[in-house]
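Participant: Quick note, the sequences are listed as chains A and B, same order. Going by the working numbering, the residue at position 91 of the first sequence is 91; the numbering climbs one at a time, nothing skipped. Going by the working numbering, the residue at position 76 of the second sequence is 76; the numbering climbs one at a time, nothing skipped.
Check each hint, because a few of them may be wrong.
Unchecked claim - DMTMM-like cross-link-like pairs, simulated, lysine to aspartate or glutamate; straight-line CA separation at most 25 Å:
{"hint": "1", "chain 1": "B", "residue 1": "K110", "chain 2": "A", "residue 2": "E57"}
{"hint": "2", "chain 1": "A", "residue 1": "K10", "chain 2": "B", "residue 2": "D48"}
{"hint": "3", "chain 1": "B", "residue 1": "K81", "chain 2": "A", "residue 2": "E57"}
{"hint": "4", "chain 1": "B", "residue 1": "K86", "chain 2": "A", "residue 2": "D29"}
{"hint": "5", "chain 1": "A", "residue 1": "K81", "chain 2": "A", "residue 2": "D118"}
{"hint": "6", "chain 1": "A", "residue 1": "K73", "chain 2": "B", "residue 2": "E92"}
{"hint": "7", "chain 1": "B", "residue 1": "K81", "chain 2": "A", "residue 2": "D50"}
{"hint": "8", "chain 1": "A", "residue 1": "K10", "chain 2": "B", "residue 2": "E61"}
{"hint": "9", "chain 1": "A", "residue 1": "K10", "chain 2": "A", "residue 2": "E72"}
{"hint": "10", "chain 1": "B", "residue 1": "K101", "chain 2": "A", "residue 2": "D29"}
{"hint": "11", "chain 1": "B", "residue 1": "K68", "chain 2": "A", "residue 2": "E9"}
{"hint": "12", "chain 1": "A", "residue 1": "K14", "chain 2": "B", "residue 2": "D29"}
{"hint": "13", "chain 1": "A", "residue 1": "K11", "chain 2": "B", "residue 2": "D50"}
{"hint": "14", "chain 1": "A", "residue 1": "K68", "chain 2": "B", "residue 2": "E26"}
{"hint": "15", "chain 1": "B", "residue 1": "K101", "chain 2": "B", "residue 2": "E75"}
{"hint": "16", "chain 1": "A", "residue 1": "K101", "chain 2": "B", "residue 2": "D48"}
{"hint": "17", "chain 1": "A", "residue 1": "K86", "chain 2": "B", "residue 2": "E92"}
{"hint": "18", "chain 1": "A", "residue 1": "K91", "chain 2": "A", "residue 2": "E61"}
{"hint": "19", "chain 1": "B", "residue 1": "K73", "chain 2": "A", "residue 2": "E92"}
{"hint": "20", "chain 1": "B", "residue 1": "K10", "chain 2": "A", "residue 2": "E9"}
{"hint": "21", "chain 1": "B", "residue 1": "K14", "chain 2": "A", "residue 2": "E72"}
{"hint": "22", "chain 1": "A", "residue 1": "K11", "chain 2": "B", "residue 2": "D48"}
{"hint": "23", "chain 1": "B", "residue 1": "K10", "chain 2": "A", "residue 2": "D29"}
{"hint": "24", "chain 1": "B", "residue 1": "K101", "chain 2": "B", "residue 2": "D66"}
{"hint": "25", "chain 1": "B", "residue 1": "K101", "chain 2": "A", "residue 2": "E26"}
{"hint": "26", "chain 1": "B", "residue 1": "K4", "chain 2": "A", "residue 2": "E63"}
{"hint": "27", "chain 1": "B", "residue 1": "K4", "chain 2": "A", "residue 2": "D118"}
{"hint": "28", "chain 1": "B", "residue 1": "K73", "chain 2": "A", "residue 2": "E72"}
{"hint": "29", "chain 1": "A", "residue 1": "K4", "chain 2": "B", "residue 2": "E72"}
{"hint": "30", "chain 1": "A", "residue 1": "K10", "chain 2": "B", "residue 2": "D29"}
{"hint": "31", "chain 1": "B", "residue 1": "K14", "chain 2": "A", "residue 2": "E57"}
{"hint": "32", "chain 1": "B", "residue 1": "K10", "chain 2": "A", "residue 2": "D50"}
{"hint": "33", "chain 1": "B", "residue 1": "K10", "chain 2": "A", "residue 2": "D118"}
{"hint": "34", "chain 1": "A", "residue 1": "K11", "chain 2": "B", "residue 2": "E61"}
{"hint": "35", "chain 1": "B", "residue 1": "K4", "chain 2": "A", "residue 2": "E72"}
{"hint": "36", "chain 1": "B", "residue 1": "K110", "chain 2": "A", "residue 2": "D50"}
{"hint": "37", "chain 1": "A", "residue 1": "K68", "chain 2": "B", "residue 2": "D48"}
{"hint": "38", "chain 1": "B", "residue 1": "K73", "chain 2": "A", "residue 2": "E57"}
{"hint": "39", "chain 1": "A", "residue 1": "K91", "chain 2": "B", "residue 2": "D48"}
{"hint": "40", "chain 1": "B", "residue 1": "K4", "chain 2": "A", "residue 2": "E61"}
No lab work stands behind these hints: they were computed from the structure. Just so you know, these numbers come straight off a predicted model, no measurement behind them.
Single-letter residue listing:
Number of protein chains: 2
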Amino acid sequence: MSHKPINFEKKFAKFNDHWSPRVIAEMNDYQFKLVKVKGEFVWHNHPDTDEVFIVMEGSLEIEFKDNKVMLEKGEMFVVPKGVEHKPVANKECQILVIEPKGVVNTGGAKSDLTAHNDVWI
Amino acid sequence: MSHKPINFEKKFAKFNDHWSPRVIAEMNDYQFKLVKVKGEFVWHNHPDTDEVFIVMEGSLEIEFKDNKVMLEKGEMFVVPKGVEHKPVANKECQILVIEPKGVVNTGGAKSDLTAHNDVWI
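Construct the entire structure; sequences and hints are all you get.
Facilitator: Here's what the structure looks like:
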């Protein structure tokens, strides 16, 4: 096993593209992914799993069909499985996403924003 | 579903005891737990699961039988399942622990530090 800590700031410094998750760690069959986001994502849901968002820098809005939540740095939110949601960030925002390995960022929605999966940094 | 963000700082302000995890969120069958730690914990392991530590404030040392890792604020570490470890914090440290629901903080080790499980704030 490695005995190196995983430093969020150093990992975020390694990439600049938006909506393209980078895996930094695995716990059992779950992955920890860093994402830089800006602008509007697509409406989608994950039918088989909850999804955790933690804001590391900036502000993230998550829109739901009937409501929305605004997350600031140091805040987290659990999107329940099957719930349609659309992340939106007016300015660039850095987030940590936690979900089972294999989950596609756009869920079942077809989109140009569908990212390659399992890209480690 | 709730549409309230979970704010780490506000949650940490709700308790002051050490080595006593407070659950703040669930994702599928996993829990997110805040813990204030100070001093030496006990040697233990979790035979059935990895365990994630994220340092939110302060510094945490995790000792292993053959090595150790020092985590600062903004760093995380995954302790693999079955690996003996002992968290140590010289000064109070605030951490986020992520692991499956039902995991006991001291694993199979009997200790005065064994905490009540599933205490929400």
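Participant: If a hint holds in the structure, say so; if it does not, say that too.
Facilitator: Each hint, compared with the structure:
no.	hint	verdict
1	B/K110 - A/E57	violated (40 Å)
2	A/K10 - B/D48	violated (31 Å)
3	B/K81 - A/E57	violated (31 Å)
4	B/K86 - A/D29	holds (24 Å)
5	A/K81 - A/D118	holds (20 Å)
6	A/K73 - B/E92	holds (22 Å)
7	B/K81 - A/D50	holds (23 Å)
8	A/K10 - B/E61	holds (20 Å)
9	A/K10 - A/E72	holds (21 Å)
10	B/K101 - A/D29	holds (15 Å)
11	B/K68 - A/E9	holds (22 Å)
12	A/K14 - B/D29	violated (32 Å)
13	A/K11 - B/D50	holds (21 Å)
14	A/K68 - B/E26	holds (19 Å)
15	B/K101 - B/E75	holds (23 Å)
16	A/K101 - B/D48	holds (18 Å)
17	A/K86 - B/E92	violated (38 Å)
18	A/K91 - A/E61	holds (11 Å)
19	B/K73 - A/E92	holds (22 Å)
20	B/K10 - A/E9	holds (23 Å)
21	B/K14 - A/E72	holds (19 Å)
22	A/K11 - B/D48	violated (29 Å)
23	B/K10 - A/D29	violated (30 Å)
24	B/K101 - B/D66	violated (29 Å)
25	B/K101 - A/E26	holds (17 Å)
26	B/K4 - A/E63	holds (12 Å)
27	B/K4 - A/D118	violated (30 Å)
28	B/K73 - A/E72	holds (18 Å)
29	A/K4 - B/E72	holds (12 Å)
30	A/K10 - B/D29	violated (30 Å)
31	B/K14 - A/E57	holds (24 Å)
32	B/K10 - A/D50	holds (23 Å)
33	B/K10 - A/D118	violated (33 Å)
34	A/K11 - B/E61	holds (21 Å)
35	B/K4 - A/E72	holds (12 Å)
36	B/K110 - A/D50	violated (33 Å)
37	A/K68 - B/D48	violated (37 Å)
38	B/K73 - A/E57	holds (14 Å)
39	A/K91 - B/D48	violated (41 Å)
40	B/K4 - A/E61	holds (12 Å)
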